[in-house]
Amino acid sequence: MAHQFEDLDQQHEADTLGIWLFLVTEIMFFGGVFAAYAIYRWLYFAAFAGGSHILDIKLGAANTIVLLGSSLTMVLAVRSAQVGNRRALILFLVATMILGGVFLGVKAYEYNQKFVEHVVPSLDWAPEGEALKLLAPGGLDHAQLYFFFYFAMTGLHAIHMIIGMGLLLWLVLRARKDDFTPHYFAPVEVVGLYWHFVDIVWIFLFPLLYLIGGRY
Amino acid sequence: MSQPIVPQKTYLLVFLCLIGLTVLTTGVAFIDLGPFNTVAALAIAFCKMLLVILFFMGVRYSSGLVRVIVVAAFFWFALLVAFTMSDYHTRSWTPAPDAWSTTAPPTHP
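In order, the protein sequence lines correspond to chains A and B.
Under this note's numbering, the residue at position 159 of the first sequence is numbered 159, and the numbers go up by one with no gaps.
For any residue, its number in this note's numbering is found by taking its place in the second sequence, counting from 1, and adding 216.
To be clear, the hints were calculated from the coordinates, so they are not data collected in a lab.
The reader is advised that the hints may include incorrect statements.
[Unchecked claim] Coverage of chain A stretches by chain B, computed from C-beta distances (three or more under 8 Å per stretch; other residues unrestricted):
(1) 44-52
(2) 57-65
(3) 76-89
(4) 103-117
(5) 143-154
(6) 163-169
From the three backbone atoms N, C-alpha and C, an ideal C-beta is built for every residue, glycine too.
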């Protein structure tokens, strides 16, 4: 316990409040992008629906489940720290990293697909064949805007995940040194809250990017 | 207020609910509901977010202060979207002379 606190409960309260204040700034950070997305989806709905239909809905849904799974292992890691089970803590932290890695791997494959289909705005924008047929009705320029949003939003999300993976690695190293006890595991809890937040961002990105306009 | 140790079963149950909702939202995308496709997708995402915040992030067991911070954050985000969208939605209601328009206004003889 740090000396400025009355007791462990107060310290725990301060830890939780602190990370939540940081997450509030993150909500506003992502909020700006989401608000911009809302405007342009409303203005150029046909183009956004066309762009959305190019994405692989199966990969998106599978990745959502992988990420939700990583949130489960994360919360179980926090619980293991709470009850003082070091072996389980390390195991669940590593499991969370593996699931995070799977998510990023699938994301990397999806990004590569965009280059194959030439639907990367600015860098490789020359949709043809099937992609062109889907994008043309909404206007190619507006479809390009959709892909700007796709890469900006999933990219920001992926950067957050990479940072989260780094934090998880740091936790594993500290747990191996037996740094955490049932009385002191604030770092595990705080990184957990961050990881769940990143999960929530994806919970919204999946329907907003993959499920526009329905697939019927 | 000490944090309770939540049984693993609770977390597993929440996880299964999240998976169920993911399958549901994907399935609904294949049914034609008109504008309600978007409504359904956002409503399901909101439910998933609540599950994660309340159980995984433990806000269910948090103090009132933490809850106020969380609610305030989303309230602020709602303001951001509401005011921005109300601006864009109402711009066309009162056509104003546009200084940047490429078509020149009729000139006086």
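Outcome, coverage hint (the stretch 44-52 of chain A, chain B; C-beta under 8 Å; three residues): violated (count 0)
Proximity test - 8 Å, beta-carbon atoms, the stretch 163-169 of chain A to chain B, at least three hits: violated (count 0)
Stated coverage of the stretch 57-65 of chain A by chain B [criterion: 3+ residues, CB within 8 Å]: Result for this restraint: holds, n = 4.
Three-residue Cβ test at 8 Å for the coverage of the stretch 76-89 of chain A by chain B: Check passed, 4 qualifying residues.
Coverage assertion for the stretch 143-154 of chain A with respect to chain B, Cβ distance below 8 Å, three residues required: violated (count 0)
8 Å C-beta test of the stretch 103-117 of chain A against chain B, three or more residues: As far as the stretch 103-117 of chain A goes, the hint is violated, because 0 residues have Cβ atoms under 8 Å from chain B.
Of the hints listed earlier, those the structure fails to meet are numbers 1, 4, 5, 6, in rising order.
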